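> Here is how the chains run, residue by residue.
Number of protein chains: 2
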Amino acid sequence: MFLKNIRMIGVLRLGHRVRRDKRISTHVFLTARALGANFGVFTGDEDDNIINSLAETARIWGGSFKVEYSGNYVNTINEFKNKGFKIVHLTMYGLPIKDKISELKCFKDILLIVGGAKVPREVYTLSDYNISVGFQPHSEVAALAIFLHEYYEGKELDIKFPEARLVVEPQEKGKKVLKCF
Amino acid sequence: MFLKNIRMIGVLRLGHRVRRDKRISTHVFLTARALGANFGVFTGDEDDNIINSLAETARIWGGSFKVEYSGNYVNTINEFKNKGFKIVHLTMYGLPIKDKISELKCFKDILLIVGGAKVPREVYTLSDYNISVGFQPHSEVAALAIFLHEYYEGKELDIKFPEARLVVEPQEKGKKVLKCF
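Chains A and B, in that order, give the protein sequences. Just so you know, we're using the numbering used here here: the first sequence kicks off at 1 and counts up by one. Just so you know, we're using the numbering used here here: the second sequence kicks off at 1 and counts up by one.
Just to be clear, a hint being listed does not mean it is correct.
As the list claims (entries may be wrong) - With a cut-off of at most 25 Å between alpha-carbon atoms, the simulated DSS-like pairs for lysine-lysine come out as follows:
(1) A:Lys-175 - B:Lys-118
(2) A:Lys-176 - B:Lys-98
(3) A:Lys-155 - B:Lys-155
(4) B:Lys-22 - A:Lys-118
(5) A:Lys-173 - B:Lys-155
(6) A:Lys-173 - B:Lys-173
(7) A:Lys-173 - B:Lys-83
(8) A:Lys-179 - A:Lys-160
(9) A:Lys-105 - B:Lys-173
(10) B:Lys-105 - B:Lys-160
(11) B:Lys-98 - A:Lys-98
Derived from the structure by calculation, the hints contain no laboratory data. Bear in mind the structure is a predicted one, so any value in this text is a computation, not a measurement.
Can you build the whole structure from these sequences, using the hints too?
This is the structure we're talking about:
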């Protein structure tokens, strides 16, 4: 898919808690994958379920999205900074997405950070941008979705995932799935 | 807020499971509230935590968003149909949002349905529209967020919530919250 060849977008999910966040963290990465991000990283509790769940999704539905665990978010942020990535932290306390999205579209390599429960102050200062998707408490999944939708201008919904075993054929009523084994 | 005076958007979350979905269902409704929906309904397990959590959010952050439990999704769907609501089911198997959003913007009263684990076939036929936000498995939170963002054309991010006790003042770095008691 053309988007993937020229851009490299990662999502860093902070402070995963294996009991409480299992499904939210999985939704974060499923959303990242489906909407055009290339990889995911999480800190907090180690959790193979997330890594395996996303690997299985990619095996069935295509593409090469992968998730890794990191033991240290500062190291991860600095590692990507050194590779030339812009660090964009999504937070309800940041600057409005509509004021910054044109500027952010210029960057082809971005590490998006989404919080867990309590985001350390350091994340706000280490980030190149702190961006809000609304100023209300809602969901890191929603914030990430709207960010990617704005960043890719809706084109992310047309991504074709290579080597998919299952492909949906849109229907007015019901489900139709093509098997491409 | 002007959006709320002329439109009535509800979100029906199907098949809530109190253990597994607690946080996802809460994120669904927080997202619904933050992005301009007016009320929520859920079926499946009864769960006062969700109702109380959203009531507390509205008490602190303003507005009048409320969540109710329904014991029967068919009754709920038919009830809203009889009130003149269009029923829009968000599903990865439906028709692409980009092909239908202009038509859907004409409707001022909409009940959006988002799935739980297994959506009964009946939901596809009872719904006036089955709409996909991408054809990949991702998240009902993400699908809802992008739907509302498209429906309100981004204006939902500027909603002012009446009688808020806390209001965020956007910052380049860090947090600033105004207390309006």
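> Against each hint, give a clear statement of whether it holds in the structure.
Comparing the hints with the structure gives:
1. A:Lys-175 - B:Lys-118: Distance ~12 Å between Lys-175 (chain A) and Lys-118 (chain B) Cα, so the pair holds.
2. A:Lys-176 - B:Lys-98: 19 Å, holds
3. A:Lys-155 - B:Lys-155: Status holds; Cα separation ~20 Å.
4. B:Lys-22 - A:Lys-118: Holds: Lys-22 (chain B) and Lys-118 (chain A) sit about 19 Å apart, inside 25 Å.
5. A:Lys-173 - B:Lys-155: 30 Å, violated
6. A:Lys-173 - B:Lys-173: 47 Å, violated
7. A:Lys-173 - B:Lys-83: Judged against 25 Å, a Cα distance of about 23 Å means the pair holds.
8. A:Lys-179 - A:Lys-160: This hinted pair holds, its Cα atoms lying about 15 Å apart.
9. A:Lys-105 - B:Lys-173: Answer holds: Lys-105 (chain A) to Lys-173 (chain B) is near 20 Å, not above 25 Å.
10. B:Lys-105 - B:Lys-160: Between Lys-105 (chain B) and Lys-160 (chain B) the Cα gap is close to 21 Å, so the pair holds against 25 Å.
11. B:Lys-98 - A:Lys-98: Between Lys-98 (chain B) and Lys-98 (chain A) the Cα gap is close to 20 Å, so the pair holds against 25 Å.
When each numbered hint is compared with the structure, violations occur for hints 5, 6.
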